[in-house]
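Since the structure of chain L is already known, use the hints to place chain Z on it.
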Amino acid sequence: MARNWGKKVKQLMTKTMDLPQDVMMDLPRITMIGQLHIYIENHRGLLAFTDSEVRLMLKNGQLLIKGNAFVIKTILPEEIMLEGKIDKVYFINE
Amino acid sequence: MKNQWTNYYTGYVKVKAYGKGAERLINMLTRRGLHIWDVKRVGSEALIFHMDIRDIPKLRQVMRKSDCKVKFMQGKGFPFLMKRVMKNSGFLAGMIAFLLCIFVLSNMVWGIEVQDAKPATEHAIRKELDKMGVKIGKVQFFVDDVDTIQRKLSDRIGALTWVGVELKGTTYHFRVVEKRQPKEVEKTSPQNLVASKKRSSLICSLKKDNLLLM
Numbered sequence: 012m013a014r015n016w017g018k019k020v021k022q023l024m025t026k027t028m029d030l031p032q033d034v035m036m037d038l039p040r041i042t043m044i045g046q047l048h049i050y051i052e053n054h055r056g057l058l059a060f061t062d063s064e065v066r067l068m069l070k071n072g073q074l075l076i077k078g079n080a081f082v083i084k085t086i087l088p089e090e091i092m093l094e095g096k097i098d099k100v101y102f103i104n105e
Numbered sequence: 242m243k244n245q246w247t248n249y250y251t252g253y254v255k256v257k258a259y260g261k262g263a264e265r266l267i268n269m270l271t272r273r274g275l276h277i278w279d280v281k282r283v284g285s286e287a288l289i290f291h292m293d294i295r296d297i298p299k300l301r302q303v304m305r306k307s308d309c310k311v312k313f314m315q316g317k318g319f320p321f322l323m324k325r326v327m328k329n330s331g332f333l334a335g336m337i338a339f340l341l342c343i344f345v346l347s348n349m350v351w352g353i354e355v356q357d358a359k360p361a362t363e364h365a366i367r368k369e370l371d372k373m374g375v376k377i378g379k380v381q382f383f384v385d386d387v388d389t390i391q392r393k394l395s396d397r398i399g400a401l402t403w404v405g406v407e408l409k410g411t412t413y414h415f416r417v418v419e420k421r422q423p424k425e426v427e428k429t430s431p432q433n434l435v436a437s438k439k440r441s442s443l444i445c446s447l448k449k450d451n452l453l454l455m
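Taken in sequence, the protein lines are chains L and Z. Using the working numbering, read the first sequence as starting at 12 and increasing by one per residue. Using the working numbering, read the second sequence as starting at 242 and increasing by one per residue.
Mixed in with the good hints, there may be bad ones.
As the list claims (entries may be wrong) - When the alpha-carbon atoms are kept at most 20 angstroms apart in a straight line, the in silico DMTMM-like pairs for lysine to aspartate or glutamate are as follows:
(1) Z:K261 / L:D98
(2) Z:K281 / L:D29
(3) Z:K261 / L:E64
As the list claims (entries may be wrong) - So, partial list: chain Z residues that the calculated Cβ filter (under 8 angstroms) puts toward chain L:
(4) N268
(5) R272
(6) H364
What the hints assert, rightly or not - So these bits of chain L aren't anywhere near chain Z, every CB distance computed over 10 angstroms:
(7) K21
(8) M24
(9) T27
(10) L30
(11) G56
(12) L57
(13) K77
(14) I83
Hints listed in this document are in silico derivations from the structure and should not be mistaken for laboratory results. Where a beta carbon is used, it is the ideal one built from N, C-alpha and C, also for glycine.
The shape of chain L in the complex, shown without the other chains (with noise of 0.2 angstroms):
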């Protein structure tokens, strides 16, 4: 319930102040360049890399990227950018 109730404060903070909602809610922030490069910030960490299937963790729930001859040009804590073809990028909610 509490935490209900600090992310429905959390949500009318941004929507009154108009603040970013990626700094606010923890939310990945997904850059594309066409399809060779995919930059996401935010994320939580990696859970599976192939070399045609990339899955993040998220804050909730999970990114899943579907392509080709990935290669992950760098990886941080917090920030991920990764370069081949990519075809689909999917959103799995838990």
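What follows is chain Z alone, placed relative to chain L:
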């Protein structure tokens, strides 16, 4: 994001991690603040990634907790390049020797040309230059500079009005202007002046103060 161009100078390694949970290893490493890049999957249970050599102690700490194994595949960057250069030091020595050769040979005197001089003066100039040490095969550092050569030559050789010394690359050019001395007048004893025709008068100013009329 971090700028990566310094990685080359500090040196980095290519690491292969194999075993289950290679992704978890990468998470653990990044949470420790290690910088990891170019992660690639090879086969079903192995990852290849690159990391800084300064972070290897941290990698060892993490490896104790992790259940996969790592193998260093290749070292890249400046420190490893230096190591290889030291191993093949012959190449380095050759390169230095080559540069040294070029430097020394391009600073030698390879030619002396004398223009506009009679053979006799040319010979004199060449002899004088030999004495000064300006010879083919001498290094220019140990030879007098152009102005000094010019001064010495015009001092020592009387037959020169002017000599222009010019150093073009490895060759000395001497442009010579010789003295054109008038022929010496024959000296005669005191003598009479005789008119060439009769009755002509001759005014002579033998001395300033007495004018003679004949």
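Do the hints match the structure? See the list:
1. As the CA atoms of Z:K261 and L:D98 are separated by approximately 27 angstroms, the hinted pair breaks the 20 angstroms bound.
2. Taking the CA atoms of Z:K281 and L:D29, the gap is about 40 angstroms. The hint is violated against a cut of 20 angstroms.
3. For the proposed pair Z:K261 and L:E64, the alpha carbon gap of about 17 angstroms is at most 20 angstroms, so the pair holds.
4. This hint holds: Z:N268 has a C-beta 4 angstroms from the nearest C-beta of chain L, less than the 8 angstroms allowed.
5. Because the closest C-beta pair between Z:R272 and chain L is about 5 angstroms apart, less than 8 angstroms, the hint holds.
6. The interface hint given for Z:H364 is broken, as the beta carbon of that residue sits about 76 angstroms from the closest beta carbon of chain L, more than 8 angstroms.
7. Taking the minimum C-beta to C-beta distance to chain Z, about 25 angstroms, the non-interface status of L:K21 holds against the 10 angstroms cut.
8. No Cβ of chain Z comes within 10 angstroms of the Cβ of L:M24; the nearest lies about 29 angstroms off, and the non-interface call holds.
9. With a cut of 10 angstroms on Cβ distances, L:T27 stays outside the contact zone with chain Z, its closest approach being about 33 angstroms.
10. No beta-carbon of chain Z is positioned within 10 angstroms of the beta-carbon of L:L30; the least distance is around 24 angstroms.
11. The claim that L:G56 lies off the interface is violated: its Cβ sits roughly 4 angstroms from the closest Cβ of chain Z, which falls inside the 10 angstroms cut-off.
12. At roughly 5 angstroms, the least C-beta separation between L:L57 and chain Z is not larger than 10 angstroms, which violates its mark as non-interface.
13. At the 10 angstroms boundary, the C-beta of L:K77 stays outside the reach of chain Z, the nearest C-beta of that chain being 14 angstroms off.
14. With a closest Cβ-Cβ approach of about 4 angstroms to chain Z, L:I83 is found to fall inside the 10 angstroms limit, against its non-interface label.
The structure shown violates the earlier hints numbered 1, 2, 6, 11, 12, 14.
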